[in-house]
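Let's have the full structure, built from the sequences with the hints guiding it.
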Amino acid sequence: MNILPVLTQQLASAVSAVALAQGPDPTGEITLAADPSAAVNFVWVLVAIALVFFMQAGFALVEAGFARAKNVVNIITKNFMDFCIGGLAFWGFGFALMFGGSAAASGLAVGNSIIGLSGFFLTGDAYDVNTVLLWLFQMVFAATAATIVSGSMSERTKITGYMAYSFLVTALIYPIYGHWVWGGGWLANLPFGVGAVDFAGSGVVHALGGMLALVGAKIVGPRMGKFNADGTANVIPGHNMVYVMLGTFILFFGWFGFNAGSTLAATDLRISVIAVNTFLAGVAGAVMALYIGLIRTGKADLTLACNGSLAGLVAVTAPCAFIAPWAAVVIGAVAGVILLVSVDFVERILKVDDPVGAVSVHGINGLWGLLAVGIFADGTYGGVRGLIAGNGGQLIAQIISMVAVVVWALVAGFILFSLIKRTMGLRASQEEEIKGLDITEHGLEAYPADAPVKVATATGDAS
Amino acid sequence: MNILPVLTQQLASAVSAVALAQGPDPTGEITLAADPSAAVNFVWVLVAIALVFFMQAGFALVEAGFARAKNVVNIITKNFMDFCIGGLAFWGFGFALMFGGSAAASGLAVGNSIIGLSGFFLTGDAYDVNTVLLWLFQMVFAATAATIVSGSMSERTKITGYMAYSFLVTALIYPIYGHWVWGGGWLANLPFGVGAVDFAGSGVVHALGGMLALVGAKIVGPRMGKFNADGTANVIPGHNMVYVMLGTFILFFGWFGFNAGSTLAATDLRISVIAVNTFLAGVAGAVMALYIGLIRTGKADLTLACNGSLAGLVAVTAPCAFIAPWAAVVIGAVAGVILLVSVDFVERILKVDDPVGAVSVHGINGLWGLLAVGIFADGTYGGVRGLIAGNGGQLIAQIISMVAVVVWALVAGFILFSLIKRTMGLRASQEEEIKGLDITEHGLEAYPADAPVKVATATGDAS
Amino acid sequence: MNILPVLTQQLASAVSAVALAQGPDPTGEITLAADPSAAVNFVWVLVAIALVFFMQAGFALVEAGFARAKNVVNIITKNFMDFCIGGLAFWGFGFALMFGGSAAASGLAVGNSIIGLSGFFLTGDAYDVNTVLLWLFQMVFAATAATIVSGSMSERTKITGYMAYSFLVTALIYPIYGHWVWGGGWLANLPFGVGAVDFAGSGVVHALGGMLALVGAKIVGPRMGKFNADGTANVIPGHNMVYVMLGTFILFFGWFGFNAGSTLAATDLRISVIAVNTFLAGVAGAVMALYIGLIRTGKADLTLACNGSLAGLVAVTAPCAFIAPWAAVVIGAVAGVILLVSVDFVERILKVDDPVGAVSVHGINGLWGLLAVGIFADGTYGGVRGLIAGNGGQLIAQIISMVAVVVWALVAGFILFSLIKRTMGLRASQEEEIKGLDITEHGLEAYPADAPVKVATATGDAS
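The listed protein sequences derive, respectively, from chains A, B and C. Numbers in our numbering are just positions in the first sequence, counted from 1, shifted up by 4. Numbers in our numbering are just positions in the second sequence, counted from 1, shifted up by 4. Numbers in our numbering are just positions in the third sequence, counted from 1, shifted up by 4.
Because the hints were derived from the structure by calculation, they are not lab data. Each hint should be verified, as a subset may be incorrect.
Which copy is meant is left open, so a pair is good if it fits within one copy or across any two.
Straight-line Cα separation of at most 25 angstroms, DMTMM-like style, residue types lysine to aspartate or glutamate; simulated pairs [claimed, not checked]:
| hint | residue 1 | residue 2 |
| --- | --- | --- |
| 1 | Lys439 | Asp39 |
| 2 | Lys303 | Glu436 |
| 3 | Lys303 | Glu437 |
| 4 | Lys303 | Asp382 |
| 5 | Lys303 | Glu435 |
What follows is the structure, given as structure tokens:
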């Protein structure tokens, strides 16, 4: 059995060894001469980058839809600024800490099993067509992890505190766990199975983001009016379900790039299986969550369908390359159930106010995705074999990786949010929260003045 | 003249015969070794898949915009759930019924000229990179056909009935006509021209969906207040024209994948001509419809521009590969005119209430697209020659295909919708319709509580 | 030093000379046989086309968001119709005037250094897979230039006048400057540096569009209530900040195609550097503009972040291929500052009412982008060297190009808008402006009847 981590192999194969030996290649001529299929691989990765980038808009819309109108500018500004600030943070620091030492491309030679130490600011040997391609692909993944948190902390978190968080998570917290799994670090080299495996980031991106979302929401505290004195919770409805739906579609659309793009090569034709598994897990999660809700309450709850599909997508992100289509349906359907249980657990047991369900969608289902690799990997790809292929070792590696991401995210997140809370402040004042953050922090309203217009009853017979 | 159906040839060339002979190839290594250009072809098809998938969001937005606010959650839930349910239906059954016997890829050997019978659940020999790629591409097309119906039945159809419809149309009704044309069935092998030709689905997707939309809308009946006692119709305005516009843009965007992706191969450089023809027909339809409206009423009606562009896109979908750019302009312009005439006809003569114009956009213009192949195909591609290339035989094949899709859709649709009506029920109660389906069927409002906000007059001078 | 213009070289390399010599190739078989990498290049360009096309939706949303609800249908109809009308104009005339004589593909032989004269209606030798691919790519760029103007003239311009403008700018004004730079015209052949260089259109698209926006806004005059008697300006808030945010995300998403697609070839692996530079300039512009605003006013202004990112993207569009990532950060950050200064300048000094900031975002930052080539081009690509590579000649070529675009756009725009004003009329009547253009010109409301719904205070504690 192959004990090299799968992704590191992929990185290695995506960059011709010949090209790598010749030093930085800023025009790509050396790379192309060494491997003419670099062209199609570059196209594939760039398309995936664009799709994953666009997921930022999806997150913004979902979170805006679930917020009240008075906090909409706040939440969309956070979603916009986190990738902007994170972009500079990952350019300067994050990428080097994550991929230094991986030798995945030019300029990434220095690092150890805990942390990377080369590639800062994409200068020197990192000014190379392969290195910058890898940077941008990883950049949009880092932005995804970072933006998950905004949802769980929605409607009561100060914009300045959130922007400080964005910088630090992208520069430091995300890259370190990422290095352990994708940068050739210790988790990738565990002596179980092929080492911990996370194909496209159920753990690196979603579980990490979801666990940070949990600790962030806990530290900032619930919104005013969310919990009653007796500990029971109230529903605080969002303001626009069309935004939730459109945002979910955009996320689903982007997920094709997120998962299938993670081969980093189109010459790896497994991309079609990955895309199919992604699709099937997403639809299975939606169907399961909606129908359970329908049976329970008699109502077809759109928000369950949306979050169910996202739960399935998150869960299949780690195993998508290693499993058969039927397993994707199972993983997605289970994710839909986990979602429903987890949302209850977070609200009723943990007493955490998570307005969009980020902890359950990304955190818990991200962990489920890591576990699912150890169960359903069928051995057809990358030598990864789970329980159904008669191998228990991979499951051990996956569980270690799950523990690592939970511990790392909770500890690092606790330190980070506590630090921000004590210095620049994390939570808006009661006055601001009542008035809405849009006016107080942004000087803008989402729907000013003569916005949508004539008065009518929502449930009436107008027209 | 070549009498093999064009699409079957394309399927054959998209999968190397060498690879096909070796049995299932779940990693793609055999396929790539046999044909290195598989990489670029996979990228092309996967990009097209993502784009066509995203069209679901376009349909949802257009239909939401044309609905009243009280029914918005209902219509977007339908648009979301139809592709989810359809995804499972097409995975389990639809694909096998449509492509079994086509021998287009591994695991699709069994079937006859009426129906396919292998590939169920993508198991066995169908766990192959080529087969699953074809599955996903066909899946998003099936979802497109299914979702057309939601528009024409908007604002009065029960969600549970609609979800049952979604399953059955994707598992059964769509695949059967699809098999006849794209799966090597009898229409593809007609002894006229090269057999019935429908490059990207004016007939298979749009005419079928549009005819189902017609029979569905007829059986469910008009919305309360649509028709007066004397048979004249009232305008029931939608609630958000921005959604209509954005949805149309998303559909147009996705259509590049829909049409140009239907080569299933980027090594077929005709893709550029297809994309150009798609674009030109769409813009010609919009210009024609808007300007005729402007001349008639003095108003520049955005909804005519949007539906005109969609009409042009639908019409060019069958002929897009076989015609020159000038013909695309003509086909699109004619589609804009057909749209206007058809909308009147459906409402005034057929007395059918179609809130979004789905019957006219997809149904009637889908038929026009099939016909246009027989007229404008210029013989430069796939040996398809229409009247302008001096060949009348193709026109006969096209007309037979038109008759087949109309008869099949109306008969199968009538049985399907009648069945649902008598068992689980198709139409919401009067009370529900008055109150709005969002509250009654979904327990949600699209714009709850403190949604868009200050009161002002739409036409006033606020700010 | 290479004195051939960079883009003309790219066009030449993107079409095999062998293929070109054989006359039109409507199926692509000759082209593919001569150069098998045509497949991946076609995919790359078609993906870019789809992305740039989708930017139309981004413009529509940004401009709709910044408009008042009563003028929303008007602005989105303009954004929809300008690419439709422009599509026909560029098909018939614009492309031929721009690329005739470039010999970039079949059917483009006739033209001189001032204007092109072949390729009209894509007939004859222009019915070729390469020619039509180039046409569609250029078409979506032309539509981008045209649509910039709608923003600056928003809320008071007649739809019929605007549609006439759309035709003339796409058929005539855009192509002529475009020919000078991209069609082998006189600017491309200046005897300084490698001639004027504009990789993806900071000048050709954005500065031209932005300068037309300036002259158009000046001629149509400010909105009622914008300026007080003493010349001071009032803020007229838009109606939906979510649309502004979503539109900006769509534009950013599309910009990956806009810039990286402009190689017209995926075998040019520099595409990864271009995509990275595009991303970095966009985020740097947003961070700079938002933080300066935050320091000034204490508010985190979303609209500054959005326009700041767009300013950075516009500015990096010309230099993106020629610079290192650090320079993209500098160019983007400077663009954010230029934006703030320019917005003030346009409003306070020029007394021009530009509701969306189009003049500053596209016009002024487009000029900055042209200049930046002459400063930051590092000589790694296409032989283009700016000041930092020790070469002053390129800067001279860039400055000449800047002067040319300003003069051409202002003069041609002045003639065009004056002509429309005197014939069909440019400005809506006072009555129409008060009532809103949606009702008066379109017979539609953006949010009719029972649109968003219950009454609550935006800043209150509803729910």
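Would you pick out the hints that fail for this structure and give their numbers low to high?
Violated hints: 1 and 4; rest satisfied.
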